[in-house]
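Asks: All chains should be modelled from the sequences, with the hints used to inform the complete structure.
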Amino acid sequence: MKIEKYEIEKVTILAPSGNLVYEETKDLEAFLENVADVSPYAILDLANTKYLSAKAIGLIASYVKHFRDNHGGLKLTRVNKNLKKLFDITGLHTVVEIFENEDIALSSFGNQIGKLEKISLWAKEAVA
Amino acid sequence: MKKRILLVDDEETLRLALHEALTDDGYEVENSGDSVKALELAKNNTYDLVISDLKMPNMGGLQLVAELKKLHPDIKPIIMTAYGSIETVIEAMHIGVVDFLTKPFKIEQIRGVIRRVLNAAPPPPTSNNNGKNNTGLKVEYKNAVQSADAFFIAQDAANTTSRVFYDFVKTDTGKAFFFGSVPDEVEAEKLDVVIKTVFRHSSNVVKSSAVMLREINQHLCNNINDRFPVTLFCAVLDKQKQTLCYSMQGEELACFQSLPGNNNEIVMLESSPQPLNVFPAIRIMEKNVSFTSDSKIVLVCNNSLSKGIKKGIIAVDTLKNILSDSIAPGCEDMAKGIKLQIEGLRDLGIVEKGAAVMVSNLRFQDEAPGDFFTAIPIPLVNYGETVKLLDEKLALMVKDDCLRHEIITSTNEAVVNAASFAYKPNEKGQISVRMCRLGDEIIVEVCDQGRGFDAQKRITPEAALDNDLTKKDGRGIFIIKQLMDRMAVQSCPNMGTTVYMAKRIIENEN
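Protein sequence lines correspond, in order, to chains P and Z.
Take 665 as the starting number for the first sequence in my numbering and just add one per residue.
Take 14 as the starting number for the second sequence in my numbering and just add one per residue.
No incorrect hints appear here.
Here chain P is said to cover these stretches of chain Z; the calculated rule only asks that three of the stretch's residues, wherever they fall, bring their Cβ under 8 angstroms from a Cβ of chain P:
1. 396-403
2. 411-422
3. 488-500
Just so you know, these hints were derived from the structure itself, not from any lab.
Cβ coordinates follow ideal geometry from the N, Cα and C atoms, glycine included.
Replies: Structural data, given as structure tokens:
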């Protein structure tokens, strides 16, 4: 399965093209693991994903938790209404943030990133 | 006149508690902690019933019963024990024990047993060998309808079946029950009571319905099925989780049925031809309906239907007629026939929403346009592409994107489950997927051809209730339950696992 990966500001965006049903889930897991190692902010763009397996949903939920634990976040964009229903019925809509598009998802990181940058700046000044 | 009970147990707490409870119930009770003293009491008094512990110092419960029977042949003995083996039960039955209670038990259990024993329930209904009279069976129906949430309607047709019996126990979340029959030629006296005792003994576990069913089956298999040619059907109904697990003949096989809606009562109409053989010589439908494929069970979930029976508005015979009316061959027609007849019950003003008919193991002989079958190789390779194919094929039957998505998602879960839990995941094999439109429903059947997931590791519905949403196992089956109207899983080591799912299609063609 093809998963496109690019960065905007400090946020990594992953855009799989295809269904995340079986072995594709492993591909996604590898990507998420890789991103989590280098950046606390990520967006999963599901515009080209029609079907998700229960395992994929669980994987996404666990990485949302992982990113959150690292003071960052994993957010979802362009999720089709059928997939949203899956998140609803499994109760994961309370865990996962879903946005209409990339821009809104990016701006939702804005404050967090700003705060971290300021803290980092203050820390540098204090050391100096 | 008050019924007199003699209570014998060296365990004082239990004895006194029982004494008090049974006295409150209106019985005249005497108790003794010593079996020898109890025998002395019985020499000077008469009792209708004796309830005795099995293991006691000086004289055991069975010896006491044997002595009491010599004094009062009509006395009805019940034995309580924590150590009941099947051999003990059989021996006890031979000396005249009428029932066994496995410790620990709830007071309601013993109350039920006492009521049943003292009310001198009629002997188990026996079939007439000329096949003309089935009054005895009707009594069974009546009792079953009044007291059980789920029941079979079985017709003892001719010549082969003799004693038909059933029993059930209440569990914390529902009921466990069984139906059985013993052929005439089996001479083991009171075998039905033995079976009931084994059933109660093994259902005395607070576990999930699937685990409870397995326990019951293992006990029945080891103790009954291997020794006697009896036929049994066991089921565990869990109202909380809205599931019904059932199996036949003590097999490991567990059929897991997700029940639609809340508080629906279940009416099960056995429609089996010979292969299922739950009750030999079942006549319903077999005669009039060409039920020649592997069809096994017709499940009618209809609250109103059972209400109608309870109220006496619908007689069991009427139901039989309803089924017999469906003279056209094939499962589809029969299912449609039943549906139509249920619709017809509206005239009686008792039908509510939620009527559903399930015919399992459909063969799909007459394929309609759009009906689809494919075999997916194990291990799954490029399954994403297969999903596209399933989507395309289903599009011929279902236009609505949302409904299609729900069906495919559920199918994916069944396929992925079968592949992930295969006994030998790397061995060559295949998972077959069938889709067909039956009336206004899409029926999907996913079968792993014997390489199915291990019943021991089978995902349980309990897992779906786990609070940790990110680590939850069993989400797949939970999703299927949510997205489809009905589902059933049949699983056994030899035949593998088949998941049946049905989704009602109410499409807006515009």
